[in-house]
Amino acid sequence: MNIILRLAWRNIWRQPRRTWLTAGAMVFSNVLLVFMMSFQFGMYSLMIDNSLQALTGHMQVQAPGYVDDQRMRQTVADVGDLSRSLREQLASDTIAARAQAFVLASSDERSYGIAIIGVEPHFEQKVSNISGLVSKGRFLSENDAAEIVVGAVLARNLRVNIGDELTILGSGVDGSFAAAVVTVIGIFDSGVPDLDRTLAEIPLGLFNDVFYMEGAGHHVVVNAPTVDFAPALQAELEALLPEDADLVVHDWDRLLPGLKQAIQADLSSSFFMYGVLAILVAFSVLNTQLMSVLERTHEFGIVMALGLKPGRLGRLVMLETVMIGLLGAVIGALLGSILTWYFSFSGFQIPGMEEMAIQFNLPARLYPQVTALSLLLGPGIVFVFSLLAAVYPALRLRWLQPVDAMRAA
Amino acid sequence: MNTLRVLLMLAWRNLWRNHRRTFIMLAAISVGVWAMIFMTALTQGMVNEMVKDGVSALPGHVQVHHPNYRDDPNINNLIPMADTELSAKFAAAGFEQWASRIKVPAVITSERESRGVTLLGIDPNRERDLTFVDYEDIDGRFLEDEADKGVVIGRKLAETLDTDVGKRIVIMSQDPKNDIADRGFRVVGLFGANMQSLEETYVFAGKQTIQKLLSVGDHVTELVAMGDDYRNVEPVYEKVVKLVDDSVVVNRWFELDSYLGTMLRVMDGFVLIWVVVIFLALSFGLVNTLVMAVFERVREIGLMLALGMKPSSILGQIIIESMLLLVIGLAIGNVLAVASIAPLNSGIDISIVAEGMEMMGSASVLYPQLRMEDVILANVVVLILGFFASLSPAWRASRFQPIEAITRVD
Amino acid sequence: MAAVRCIDICKTYLQGDQEIKALDHLSIEIEAGGFVCLSSPSGGGKTTLLNAIGGLDKPDSGEVWIEDQRIDTMSKGELADLRLRKIGFVFQAYNLIPVLTARENVEFVMQVQGLSPAMRRERSTELLNEVGLAGLENRRPAQMSGGQQQRVAVARAIASRPTLVLADEPTANLDSKTSDGLMDLFEELNTHHKTTFVIATHDQRVMAHVPRLVRMLDGRIVDDIEQNAA
Ligand SMILES: Nc1ncnc2c1ncn2[C@@H]1O[C@H](COP(=O)(O)OP(=O)(O)O)[C@@H](O)[C@H]1O
Ligand SMILES: [Mg+2]
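Protein chains in written order, with the working numbering: chain Y, 1 to 409; chain G, 1 to 410; chain W, 1 to 230.
None of these hints come from the bench; they were simulated from the model.
Just so it is clear, CB atoms sit at the ideal spot from N, CA and C, and this is done for glycine as well.
Keep in mind that the hints are not guaranteed to be accurate.
What the hints assert, rightly or not - Using 30 Å as the maximum straight-line C-alpha spacing, the simulated DSSO-like pairs for lysine-lysine come out as follows:
| hint | chain 1 | residue 1 | chain 2 | residue 2 |
| --- | --- | --- | --- | --- |
| 1 | W | K86 | W | K76 |
| 2 | G | K156 | G | K167 |
| 3 | W | K194 | W | K177 |
| 4 | W | K76 | Y | K309 |
| 5 | G | K167 | G | K149 |
| 6 | Y | K136 | G | K177 |
| 7 | G | K52 | G | K239 |
| 8 | Y | K309 | W | K194 |
| 9 | W | K86 | Y | K309 |
| 10 | W | K21 | W | K58 |
| 11 | G | K52 | G | K242 |
| 12 | Y | K309 | W | K58 |
| 13 | G | K212 | G | K89 |
| 14 | G | K89 | G | K149 |
| 15 | Y | K136 | Y | K126 |
| 16 | G | K149 | G | K177 |
| 17 | G | K52 | Y | K260 |
| 18 | W | K21 | W | K76 |
| 19 | Y | K260 | G | K156 |
| 20 | W | K86 | W | K58 |
| 21 | W | K21 | W | K86 |
As the list claims (entries may be wrong) - Coverage of chain G stretches by chain Y, computed from C-beta distances (three or more under 8 Å per stretch; other residues unrestricted):
| hint | segment |
| --- | --- |
| 22 | 25 to 35 |
| 23 | 114 to 128 |
All chains, full assembly: derive it from the sequences and hints.
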């Protein structure tokens, strides 16, 4: 091994306790960071997937302005034809048309205001998980049947069961009175309170007749294989839309702006905390390296007298810091991934978090997974902060005069 | 007493012998303590706003309902006792705030649009300080009394419905026989709220008007009472329980909105965890500093022992040195925290993530909340854990053998 | 050409508010291959003069020449290079890097000079052999006696084959027998390699050894005598 490397390595073990305490601070922070980031990143992608798969999808084709107010008359003309042609052109069947209205739904005993969505039964199953969450009865099948699928809480509130009839009252797209009687054929239980309480789905053909849509709808949901492919698909999709149709494509971030922002807000407060930890580690490193430089003043004086330039000594100090830093990073990342690995089997749950989990479409128990990012990011940050902290002790050597240094004991 | 003075003096002088190291450690402790308190104040501020907003959206710290109402918020689940009778009891009980109201789901329809909403039939004079609506910040006017024939809706709802002050809308709900009760109303005012969902969801009308529309006579769906602090609702709760019989249930706000209740508990736990984590990160540096200080002084500690100083005094001296370091660091950290929070008291604008904060149930202005309990918690935790962290190096120093220590060459 | 030439150099230090003339208009010339001993009571200016010659410190006025280079006007970097290539140092004590073995201490300088590992190994073996430390290559300074440590320092000082070796009280911490041994080593190296040696000392036994003895007092040369080798 190179003498300089050997020298640096032996130097850090001149005070083993000090080196271990410094590396210990790094290990502590790194274990925490690896675990927390694995936990958070996993949670974010679950939040995104769970929030998007019920209704929003990866992107939607809409009339301009619909995204903000969801007005009944901001329609997409011939929505069924559009979704069919998009399915053909993109050779994908995860594309489905929808229409949406707000109505009063009445059973024999109860009336509630709800959102009702007209869906293409066959293709809706490919873009939304609601069909799979039907816990009683079945999902819609025919495009014109007078059938409805309702959320579990809504069914309970309306006191209806499979086979019961519901009257829906609202206004058509032209503002005229719209009414229909439909039979409950399915009840879904998504676990998302907002959906279970206020959502019902009917076939798009029926919706078209009841609300006088004349073939129009409100949006076409388009899903990519995974969320990561969405931007590419969106570009492709935008190119396919007819120029004169006056349609826009919105991605999920635009459709559910709260989601990304909630993640950003959470990320920024976490990164404030991680930053503080990294800074505290940096102080530890600064303390250790400054002390270690000061202790060695005499020795540095000797080697400078031999003709070593201060820059080289500075590099030696940085090299020592790199070694301590790597020690902290490697042990920390290792222990952090073991901890995460353990929880990836047993699951992790903050006591009393169930309610918070529901708010963000999350299961109560999370199974954090170590990824390259969650493994490297935290220890990487701590490592960089440690190196920055050693810059001052290393630079101090530039002002060291060999004569003064040797006079130091 | 005298030895303590001597020890204190020795510890103080020793602390400044290696001033660089002391300064670095002080900086680390100060930054750590600052972060403890600053982050806690931000978190508490956020939770506080969330709970305040949440409670004002309910609104009411303690609420009385029909036993089935929470599960089935329907006009059929009325409070069995007559409203005038129960209200009289509440009025006599001397609550800070109280109100009785009808709260039912409804559909609101303009010429072009329909939306599902929550209809509140209220006595506007009782609700002034209860709701999230600022009576002074209304386009048009707020309701004047419980017999007011108009409705007040949120600005965002007015925009989606394409309606405005002076225009008519139709409200549909059901009466207890499940006949559709609908009626045209004139929009008399538009309110603003710090969260869009509030502006979309709530529609205010006069209580008597709604009682008439829904044919429920002298009955309401809920009675609420408010104390002065959402963290301390037990007194109000106990008072309310005494006023009602068991044909109704009484709930505190955190039972009605379990998300908020959980949030509050989780955040209190978070504060402690955060303080301890920061301390642990600091403790490595603290122990390191003490170990270095002890080992530099091996010879003189040996000398002191040889001169007859008791090992316990050495132990005490090192611990005092560590505590002095912590106390100064804490003082600086506390001052920094207070100084950095003070200019933020008018609120931190985080509207770039407004919709995300709304998802968490929080508005887009954050008011940091510096709570004495949290500051004390941080300081006490640091001092106690700091004491334990210094034990090992101090113990080591007190165990030196005088001769060995003096003759030791590095 | 002289190995070292100092022309009228002065160096003043402030101690409190008192000015100390550590070097007072001092001029000296040392011929190549010379073996010179600077002697004075403590505080006479020996270290200051050696530092000026070695480019560790600059005189306030006057000129310092090493062979044909004037060094008192050089930059720090140039001086460092000069020391690395041309000048070897031996100090009073604590000369060595404590975490490196005898061999590594010697090789360290060679690595800085950029010598290949094989070359370093060969040279360090040869050098340690020459200073009489064969077999102790892998000891750390703490495992060696003071005299052995000084021999390692000598080996290191001549590792770069310098033309000039400066030694500041190299025998101060040694017993008389060991110090005689070290002086013999210096003489041997002086005759063998034609390396110029300048040794500062206030040790009578050392002074007796040398062909040229320069006595100093208060920063001035008071006596400069050629003696016959002992
Ligand atoms: N850095 C310094 N600061 C102040 N005075 C110094 C310094 N270096 C040397 N001196 C003074 O200069 C004089 C000469 O010192 P020095 O060259 O070390 O003498 P010697 O090596 O012969 O003992 C002494 O009086 C010494 O105290
Ligand atoms: Mg000297």
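Do the alpha carbons of K167 of chain G and K149 of chain G lie within 30 Å of each other, as the hint requires?
-> Distance ~13 Å between K167 of chain G and K149 of chain G Cα, so the pair holds.
Decide if the proposed pair is consistent with the structure: K309 of chain Y and K194 of chain W, CA atoms, cutoff 30 Å inclusive.
-> holds, 28 Å
Restraint status (C-alpha distance of K260 of chain Y to K156 of chain G at most 30 Å) = holds, 22 Å
Does the structure keep K194 of chain W and K177 of chain W at a Cα separation of 30 Å or less?
-> holds, 25 Å
Given pair status - K177 of chain G, K136 of chain Y, alpha carbons within 30 Å | Holds, at about 28 Å.
Restraint check for K212 of chain G with K89 of chain G, where alpha carbons must lie at most 30 Å apart | The given pair, whose Cα atoms are some 23 Å apart, holds under the 30 Å limit.
Are the Cα positions of K21 of chain W and K86 of chain W separated by 30 Å at most?
-> holds, 29 Å
Quickly compare the C-alpha distance for K21 of chain W and K58 of chain W to 30 Å and report which way the hint goes.
-> Holds: K21 of chain W and K58 of chain W sit about 14 Å apart, inside 30 Å.
Are there three or more residues in the segment 25 to 35 of chain G whose C-beta lies within less than 8 Å of some C-beta in chain Y?
-> holds (count 6)
Can the segment 114 to 128 of chain G be counted as covered by chain Y under the rule of three residues or more with Cβ-Cβ separation shorter than 8 Å?
-> holds (count 4)
Does the alpha-carbon distance linking K86 of chain W and K309 of chain Y stay inside the 30 Å limit?
-> holds, 15 Å
K52 of chain G paired with K239 of chain G [C-alpha distance capped at 30 Å] = holds, 22 Å
Of the hints listed earlier, there is not a single one the structure fails to meet.
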